[in-house]
Amino acid sequence: MKKVLLSLAVIFVMSSFTTTNLEKENNKKIKVEENVGRDCVDRAMEWVYDAVDAGIGDGELNGDYYDDYMSIYMFYYKECMKGFSYV
Amino acid sequence: MKKTTLTLVLCLSIIGYSQEKFEGEILYKISLNKPDFSKLEKNTQISKKRKEEVKKAFKSSKSIKATLLFNGNESLYSVKKSMNNEFNKKINFTKIFAGNANVFYVNPKKKEYFYQTTIYGESMLIEMLQKNWKLTQEIKKIGGYTCYKAIDLNSKNHSTIAWYAPEIPLNFGPKKYFGLPGLVLELQDSATLFSAIKIEINTKRIKIKRPSKGKKLTIEEYNELRNKKSLFKNRRKN
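In order, the protein sequences belong to chains B and Z. All residue numbers for the first sequence refer to the working numbering, where the first residue is 25 and numbers rise by one. All residue numbers for the second sequence refer to the working numbering, where the first residue is 31 and numbers rise by one.
Treat the hints as calculated values from the structure; they're not laboratory data. Glycine residues also receive a C-beta, built at the ideal position from the N, C-alpha and C atoms. Incorrect hints may have been included.
Computed cross-link-like contacts, SDA-like style, restricted to lysine to any residue with a CA-CA straight-line distance of at most 25 Å [unchecked claim]:
1) Z:81 x B:85
2) Z:259 x B:103
3) Z:69 x B:64
4) Z:119 x B:28
5) Z:72 x B:82
6) Z:179 x B:88
7) Z:243 x Z:143
8) Z:179 x Z:55
9) B:102 x Z:143
10) B:102 x B:45
11) Z:81 x B:103
12) Z:245 x B:63
13) B:106 x Z:76
14) Z:69 x B:106
15) Z:92 x Z:53
16) Z:64 x B:85
17) Z:141 x Z:241
18) Z:110 x B:90
19) Z:110 x B:99
20) Z:186 x Z:253
21) Z:64 x B:106
22) B:102 x Z:148
23) B:106 x Z:245
24) B:102 x Z:86
25) Z:86 x B:35
Short derived list, chain B residues pointing at chain Z, Cβ under 10 Å [claimed, not checked]:
26) 30
27) 34
28) 64
29) 79
30) 93
31) 99
These stretches of chain Z come out as covered by chain B in the derived footprint (C-beta under 8 Å, 3 or more residues) [claimed, not checked]:
32) 99-108
33) 121-130
34) 169-180
Could you put the whole structure together from the sequences, leaning on the hints where they help?
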């Protein structure tokens with residue numbers, strides 16, 4: 025009986041250890057993904073600023089050309105995210 | 031009395047007919063304004079490699095075509111789809127500033143002015159406001175039509191200029207530019223130049239499909255939504 029209890033305890037400790045490691049891995053993955061997402065936001069914004077600096081549109085990001093600037097942003101954001109592989 | 035009534039009916043029919051008789055299609059060629067890279071060149075925080083990448087992207091943005099379909103009551107403007115796959119994969123700034131995948135609909139009789147777009151994955155119908163046009167007496171010929179110059183007083187530095195043809199007495203034009211006493215055949219704004227390269231009037235029957243898919247938003251509601259998302263808050267520090 026003691027042996028069975030001991031085995032059960034060992035299995036429990038082992039499994040909780042594995043779960044903790046798995047959680048850590050997952051959290052790490054999410055963090056990396058978040059960082060890349062953030063990086064892609066910044067990169068996409070750079071392209072919007074490039075268009076503004078080049079004098080394309082009126083330069084008012086929230087003005088008449090909002091949709092156009094947003095389209096530039098979305099294109100580069102999607103492109104950036106497509107190129108990302110964290111596996 | 032009978033004669034007067036008959037004449038009146040005849041006149042009204044002629045006016046009604048002249049309004050209704052205009053239907054057709056305008057093909058616009060749209061080109062991007064020449065980009066000014068002086069700010070980019072001066073920015074020391076941007077690498078030389080990236081500067082080249084930016085220049086290449088703008089320079090490879092070729093001119094595109096768009097159509098304006100219209101009849102006496104309504105118009106529909108959209109950018110022509112390209113069959114070239116490579117073209118579709120790359121970014122084309124001209125296409126974006128010409129209206130991209132959005133569809134612009136105007137119906138003055140029903141007071142409907144909106145464009146269909148996709149925002150955050152959702153289809154929406156966004157209200158458009160008429161520009162604050164100042165009509166001038168300056169004229170030029172476009173495609174055989176005498177066109178008058180109009181300036182959008184709300185545009186930055188009054189940079190938006192339209193050339194409209196009163197001979198085609200319809201209030202339509204490309205993208206969000208409508209409300210003039212004649213069809214817009216050329217338009218210069220701070221991003222692009224729209225030039226009518228083919229003017230077809232009364233050569234075929236035009237059927238316009240009013241965009242209906244999507245949630246309707248007024249300008250105020252759209253601005254509120256944009257403010258909530260507040261993506262474009264900060265400017266780049268040079």
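Do the hints match the structure? See the list:
Taken as a hint, the residue 81 of chain Z and residue 85 of chain B pair is honoured in the structure, with Cα atoms around 21 Å apart against an allowance of 25 Å. A distance of roughly 21 Å separates the Cα atoms of residue 259 of chain Z and residue 103 of chain B; the hinted pair therefore holds under the 25 Å criterion. A threshold of 25 Å between alpha carbons decides the hint, and for residue 69 of chain Z with residue 64 of chain B the separation of about 23 Å falls inside it, so the pair holds. At roughly 63 Å between alpha-carbon atoms, residue 119 of chain Z and residue 28 of chain B are farther apart than 25 Å, so this suggested pair is violated.
The straight-line distance between the Cα atoms of residue 72 of chain Z and residue 82 of chain B is roughly 20 Å, inside the 25 Å bound, and the hint therefore holds. Under the criterion of a C-alpha separation no larger than 25 Å, the hint pairing residue 179 of chain Z with residue 88 of chain B is consistent with the structure, at around 21 Å. Proximity of residue 243 of chain Z to residue 143 of chain Z is assessed by CA-CA distance (about 15 Å); at most 25 Å being required, the pair is judged to hold. Proximity of residue 179 of chain Z to residue 55 of chain Z is assessed by CA-CA distance (about 21 Å); at most 25 Å being required, the pair is judged to hold.
Note on residue 102 of chain B and residue 143 of chain Z: the hinted pairing is violated, with a Cα-Cα distance of about 30 Å set against a maximum of 25 Å. Distance check on the hinted pair: residue 102 of chain B and residue 45 of chain B sit about 31 Å apart at the alpha-carbon level, beyond 25 Å; violated. A distance of roughly 19 Å separates the Cα atoms of residue 81 of chain Z and residue 103 of chain B; the hinted pair therefore holds under the 25 Å criterion. Between residue 245 of chain Z and residue 63 of chain B the alpha-carbon distance is near 32 Å, which puts this suggested pair outside the 25 Å criterion.
Taking the CA atoms of residue 106 of chain B and residue 76 of chain Z, the gap is about 23 Å. The hint holds against a cut of 25 Å. Note on residue 69 of chain Z and residue 106 of chain B: the hinted pairing is violated, with a Cα-Cα distance of about 30 Å set against a maximum of 25 Å. Note on residue 92 of chain Z and residue 53 of chain Z: the hinted pairing is violated, with a Cα-Cα distance of about 30 Å set against a maximum of 25 Å. The suggested pairing of residue 64 of chain Z with residue 85 of chain B holds, with an alpha-carbon distance near 20 Å, which does not exceed 25 Å.
Note on residue 141 of chain Z and residue 241 of chain Z: the hinted pairing holds, with a Cα-Cα distance of about 15 Å set against a maximum of 25 Å. Note on residue 110 of chain Z and residue 90 of chain B: the hinted pairing holds, with a Cα-Cα distance of about 22 Å set against a maximum of 25 Å. Distance restraint check for residue 110 of chain Z and residue 99 of chain B: the Cα-Cα separation of roughly 19 Å lies within the 25 Å cut-off, and the hinted pair is therefore satisfied. With a C-alpha separation of about 19 Å, the suggested pair residue 186 of chain Z and residue 253 of chain Z falls inside the 25 Å cut-off, and the hint holds.
Taking the CA atoms of residue 64 of chain Z and residue 106 of chain B, the gap is near 30 Å; set against the 25 Å cutoff, the hint is violated. The straight-line distance between the Cα atoms of residue 102 of chain B and residue 148 of chain Z is roughly 15 Å, inside the 25 Å bound, and the hint therefore holds. At most 25 Å may separate the alpha-carbon atoms for a hinted pair to count; residue 106 of chain B and residue 245 of chain Z exceed this at roughly 29 Å. With a C-alpha separation of about 20 Å, the suggested pairing of residue 102 of chain B with residue 86 of chain Z holds against the 25 Å cut-off.
Simply put, residue 86 of chain Z and residue 35 of chain B have alpha-carbon atoms about 61 Å apart, too far for the 25 Å limit, and the pair is violated. Because the smallest distance between the Cβ of residue 30 of chain B and any Cβ of chain Z comes to about 55 Å, over 10 Å, the interface hint for this residue is violated. Hint on residue 34 of chain B is violated. Least Cβ distance to chain Z is approximately 49 Å, over the 10 Å limit. A cut of 10 Å between beta carbons decides the hint on residue 64 of chain B: the least distance to chain Z is about 13 Å, and the hint is violated.
Because the closest C-beta pair between residue 79 of chain B and chain Z is about 4 Å apart, less than 10 Å, the hint holds. Interface restraint check for residue 93 of chain B: the shortest CB-CB distance to chain Z comes to about 7 Å, inside 10 Å, so the restraint holds. At about 5 Å, the closest approach between the beta carbon of residue 99 of chain B and any beta carbon in chain Z falls short of 10 Å, and the interface hint on this residue holds. Only residues whose beta carbon comes within less than 8 Å of a beta carbon in chain B count, and the stretch 99-108 of chain Z has 0; fewer than three means the coverage is violated.
For the stretch 121-130 of chain Z, the stated coverage by chain B is satisfied: 5 residues place a CB nearer than 8 Å to a CB of that chain, which reaches the threshold of 3. Given a C-beta distance limit of less than 8 Å, the hint that chain B covers the stretch 169-180 of chain Z is violated, as 0 residues qualify and 3 are needed.
Violated hints for the displayed structure, listed by number in ascending order: 4, 9, 10, 12, 14, 15, 21, 23, 25, 26, 27, 28, 32 and 34.
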